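Number of protein chains: 2
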Amino acid sequence: MKKSLSSATREKLLALAANRIAIEAVAPQVDGGRFAVKRVVGEPLMVSADIFGDGHEVIGAALLVCPPGSSVWQEVPMRFVANDRWEAELDCNSEGLWHYTIIGWRDAFGTWLHDTRKKKQAGLNITLELEEARILLDRALKSGRGTRDDARALKDLLKQYGKLLKSGDAGEQFSVLDSFNTQALLEETGPRDELTVSHELPLWVDRKRAAFSAWYELMPRSQSGDVNRHGTFDDVIARLPDVQEMGFDVLYMPPIHPIGKAHRKGRNNALTATADDPGSPYAIGSDEGGHDAIHPELGSFDDFARLIAAARQHGMDVALDFAIQCSPDHPWIRQHPEWFDWRPDGTIKYAENPPKKYQDIVNVDFYREGALPSLWIELRDVVLFWLEKGVRIFRVDNPHTKPFPFWEWLIAEVRQVDPGVIFLAEAFTRPKLMKRLAKVGFNQSYSYFTWRDEKWELEAYLTELTQEECVDYMRPNFFVNTPDINPFYLQTSGRPGFRIRLALAATLAGNYGIYSGFELCEYEPVPGREEYLNSEKYEIRAFDWFQAGNIRPDIRFFNELRQTHESSWDFPNLKFYHFGNDNILYYGRMAPDKSSMLLFMVLLDPHAAQGGQYELPLWEFGLADDAMLNATNLVTGQKLQLQGKQQHWWINPDECPYVVLNVFA
Amino acid sequence: MKKSLSSATREKLLALAANRIAIEAVAPQVDGGRFAVKRVVGEPLMVSADIFGDGHEVIGAALLVCPPGSSVWQEVPMRFVANDRWEAELDCNSEGLWHYTIIGWRDAFGTWLHDTRKKKQAGLNITLELEEARILLDRALKSGRGTRDDARALKDLLKQYGKLLKSGDAGEQFSVLDSFNTQALLEETGPRDELTVSHELPLWVDRKRAAFSAWYELMPRSQSGDVNRHGTFDDVIARLPDVQEMGFDVLYMPPIHPIGKAHRKGRNNALTATADDPGSPYAIGSDEGGHDAIHPELGSFDDFARLIAAARQHGMDVALDFAIQCSPDHPWIRQHPEWFDWRPDGTIKYAENPPKKYQDIVNVDFYREGALPSLWIELRDVVLFWLEKGVRIFRVDNPHTKPFPFWEWLIAEVRQVDPGVIFLAEAFTRPKLMKRLAKVGFNQSYSYFTWRDEKWELEAYLTELTQEECVDYMRPNFFVNTPDINPFYLQTSGRPGFRIRLALAATLAGNYGIYSGFELCEYEPVPGREEYLNSEKYEIRAFDWFQAGNIRPDIRFFNELRQTHESSWDFPNLKFYHFGNDNILYYGRMAPDKSSMLLFMVLLDPHAAQGGQYELPLWEFGLADDAMLNATNLVTGQKLQLQGKQQHWWINPDECPYVVLNVFA
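Chains as they are written, first to last, in the working numbering: chain B, 1 to 665; chain P, 1 to 665.
Each hint should be verified, as a subset may be incorrect.
Unchecked claim - Distance ranges between label pairs, derived from CB positions:
{"id": "1", "chain 1": "P", "residue 1": "E187", "chain 2": "B", "residue 2": "K356", "range": "23 to 29 Å"}
{"id": "2", "chain 1": "P", "residue 1": "G123", "chain 2": "B", "residue 2": "A609", "range": "50 to 56 Å"}
{"id": "3", "chain 1": "B", "residue 1": "N652", "chain 2": "P", "residue 2": "G622", "range": "46 to 52 Å"}
{"id": "4", "chain 1": "P", "residue 1": "Q613", "chain 2": "B", "residue 2": "A82", "range": "37 to 43 Å"}
{"id": "5", "chain 1": "B", "residue 1": "A82", "chain 2": "P", "residue 2": "W650", "range": "40 to 46 Å"}
{"id": "6", "chain 1": "B", "residue 1": "G528", "chain 2": "P", "residue 2": "G622", "range": "47 to 53 Å"}
{"id": "7", "chain 1": "P", "residue 1": "P525", "chain 2": "B", "residue 2": "D625", "range": "56 to 62 Å"}
{"id": "8", "chain 1": "B", "residue 1": "A665", "chain 2": "P", "residue 2": "A608", "range": "39 to 45 Å"}
{"id": "9", "chain 1": "P", "residue 1": "A609", "chain 2": "B", "residue 2": "Q613", "range": "44 to 50 Å"}
{"id": "10", "chain 1": "P", "residue 1": "G123", "chain 2": "B", "residue 2": "E454", "range": "38 to 44 Å"}
{"id": "11", "chain 1": "P", "residue 1": "A609", "chain 2": "B", "residue 2": "A609", "range": "57 to 63 Å"}
{"id": "12", "chain 1": "B", "residue 1": "A82", "chain 2": "P", "residue 2": "P525", "range": "53 to 59 Å"}
{"id": "13", "chain 1": "P", "residue 1": "A608", "chain 2": "B", "residue 2": "V76", "range": "53 to 59 Å"}
{"id": "14", "chain 1": "P", "residue 1": "D303", "chain 2": "B", "residue 2": "L158", "range": "46 to 52 Å"}
Quick caveat, the hints were computed from the structure, so don't treat them as lab data.
A quick note: this is a predicted structure, and the numbers were derived from the prediction, not measured.
C-beta: ideal position from N, C-alpha, C; glycine also.
Sequences and hints are given; from them, build the entire structure.
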């Protein structure tokens, strides 16, 4: 028989005992708190958990919140929902790293009140209970909780109650305690027995643009309007009114650094370049400098500063590319040979995807003895360098081929300088890698949208993105095209297809983007491939940005719609509804105040008119199947009255391949 | 511009960098490893996880396993499944607390082989690659991994390969490396770059009876066959052949301790007892002793020891009740007033459920200053006391009204003495509390089965129990009745209903039990309540255990079926199939070797014959819809040949309300 405890056993016992209240299944959380949940400023975070104690005691629970840079925890009371689930809402009112946790306790006064009410209703003598209440009030006074005013009120209550106890009227005594005021006072001051604290969880709050943005991508060197003149930052500045008029708020430029000469690629990705080929901007670095230099033909740092300032005046962020690969001429190769891999014959290891070898590109090796951590610091400092120049958005090239811990570290470091910096992960790879990049800190992620054309796959993909656990940390950015992706769909869809893909991207996701040329319905491919012929990646192009057949009015329409309708700002509010035709995608977004919703019908077939029966989601407004909703067709301005759940619509791609209704009760 | 790192930043960087490989979504795990996953000896544990690195390197992964009492981690190679998911099976071959974790690494030799094969196939010159391979072999030799024999083999390989490199035949050089032997050797010895270790997870391995047992509950004092003679342990011993013949392996007795006299309850729960009323065995403790004493009329400790020994000879565990409440006469109240709650007038606080008060019962207060930890130690020692007497199974009364940390601590302490002790939680309460008790260590749990009569609710409940996350830690014990629960269903079902509930309990769950009287179809209720009239809880009863109409043959049948068919041992292998009649529950269990399965059709309506069309699950054997299966009707012994997916059956409750088929291809 054991009758004593070793001190280790005793400690274990007391540590366990300290957690009497069960706090389970706290949501949201990412990988048990290993990574942060993400929200933007102004977006609420609803925190819920299973909270319960043993036995039948009344319990209380609160959400504790520690805002960025603070060491003070604020308390938000939690409310009971059902089935031992509790919830509370956190108001994300500033950018940065928050922490939250949950506390639960046994509420002695609440339990007393609950039990004594029942006894009183059953007509039992509650004299002893009333005496026990006095002890509870004493404990509250000693607990030290609440304000000085609370303490004063509690003292007054005790005095009053003490007098009443002498008078002997149990009904009167009880009613002093069973009052709104006393309950409120005891909530502030009552002892919290067996207070249990859950584990801390991180929350990252971004500026709004991290979750809601419209990107316009352009190659600055193609902005002169003349294929024989290299475009400059001033040419880009000249285009800002145009980009602003279309309604974009992020202007994104591929790398602006000096371009390598060794093994330079020629037009259409030719292995050898002619003397006047400008090379790919992704072959970064030459004797003119590396990642912290500007390609001289684009302009100077002063010119760049003017571009940043002008963009800001036009309501735009400038986003730069952060592409870590180097051309063989990059200064780092001479200055830091310890960052690169070398072969037994003394040559540098080129990038490769066996059997292909890319001789215009070399990659750094993040885990070489000489590179960890000096290379990491240098790369962080490259980002900080451009941040200092006013760049607060970085589109990161192929982040999935660089170590996840590197990104986690770099992004955290940059955020210490400016929590508003946004990183977009350009990773087209396996789903779990894309999600991991979002977990380690990327604010936005490229997506599979470009390859999702059919109704079932769009519904499945968007349901995953908006309903599964990734919604708490991954924010897709739906690009309709990129310099690397000229989708097969657009190669044969004609102008209606461009309008369709624009409508989908702009209304299905919070973040979306186009690569310039899209608005002109540019589609000429390298035959049989999803690549552009005469790609700007390898040559200077010139465009007439206002040429006939452009879809600028559609772009303006959707960007304005997004800005003016609050229901567009909430990515997960997306819901698909029934339209009895597989060629029409039908979905809606309810306004935060539930008074109205946007309904979208997008024709997926760019070649033929389609129609059919659809369900008007009357139930979302709590209405019966035969009720009526008012609607405005936002495309035509027409006012409608829609009666009953079953409705019909017909869409002609040559008129307008999409319908947007604003419906309200 | 920052160009240096503080030492804190540097440490953070290096700590992050140490986890280059992502290891996510490790399954199974309970609350992120806070609680142990459960298995029994001989049952495999399949561990899976998402494991991936950045880039395109070949990676490797292994499951590390630390058996009970060992400090040596054993390695089990993981195999790639799909979509970055890997898995490995752990062989649970001994009782106790195991730990497991996962490691992942970059496989330099695997990557080299993968890339070089492609280059060779493309006809490229691989001279440099072959030289790089020599460096890899050198690194393997220096890694120190593998056995002494491996090192010798590696040295031989290096020597051979070095000679070959001089000969200059690239094909011959490569084929030495691209061989089964070299790959196997490098798996054992190759360097594991950027090895990443996941977090440790606990696994509790029980003896088989924790997951697979048939309980028979009896009141020892009612075993004399004479209401005027208090039954003894010897009377219980005399019943063992009978209980064994029915096929039970756990004999469970409600509390055997001295019964309190103060406020003793009379027959049928009367508030006052007559002089010869024996009282409720749950009013534990009198001047004859408390939780470590035996009610004198049952016998002595020597008699008890003989019972334990006899039960063991009959293949049975004796399970005792662990009910922590005390009668007002319990010795602890005098010896340890600091363990109880006292009211302002100096009286002890009785158990209550306001407005009801139970004056025959007082509860201890686990968190009183004087009780923590002395009370906890005393209660642990009560369990250890009975363990020393040979009791290895405890049915715990109302554990959900005692603190969860107390159970977590007590169960862990008892397991340090004997990992084979089994605790059954008698908690009928809210779902999350029941699951929490299973998480903190209870090996078995009472369930809602008693109140699940209809097809849809049985299917829904069993699907939750076998398919949701609780399957990894909660093992239901399906009692058909208890001294406290005389189900409404059985009060009107007649004998067929008893056979039906037996069939369901014995075949739906791994653990099940009956409270004696069930085999005699006893059902007389307190009118309008789910309680037994003239309950044994308050009086001595006598039964003819072989009276006409008993269902002993059914019980024998099911207990033998459970023992002889391995498919019964695996709780989660349960699958429901389609029977076109809501009054027939139809389900199956596949044998581990997939060669045969048991199919069960249980009539839920005890009053009328029912039948209909059902689907023969040919697909489970990989067969077409028109294929044939052989079957044996295990109830009748009849051999059948069943052709085609659509079949019919008709069940008459007055003949036999269940069908059990053993089907095989």
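Consistency of the hints with the structure:
no., hint, in the structure
1, E187/P - K356/B: 23 to 29 Å, "holds, 28 Å"
2, G123/P - A609/B: 50 to 56 Å, "holds, 53 Å"
3, N652/B - G622/P: 46 to 52 Å, "holds, 50 Å"
4, Q613/P - A82/B: 37 to 43 Å, "holds, 39 Å"
5, A82/B - W650/P: 40 to 46 Å, "holds, 43 Å"
6, G528/B - G622/P: 47 to 53 Å, "violated, 41 Å"
7, P525/P - D625/B: 56 to 62 Å, "violated, 46 Å"
8, A665/B - A608/P: 39 to 45 Å, "violated, 51 Å"
9, A609/P - Q613/B: 44 to 50 Å, "holds, 46 Å"
10, G123/P - E454/B: 38 to 44 Å, "holds, 40 Å"
11, A609/P - A609/B: 57 to 63 Å, "holds, 59 Å"
12, A82/B - P525/P: 53 to 59 Å, "violated, 32 Å"
13, A608/P - V76/B: 53 to 59 Å, "holds, 57 Å"
14, D303/P - L158/B: 46 to 52 Å, "violated, 59 Å"
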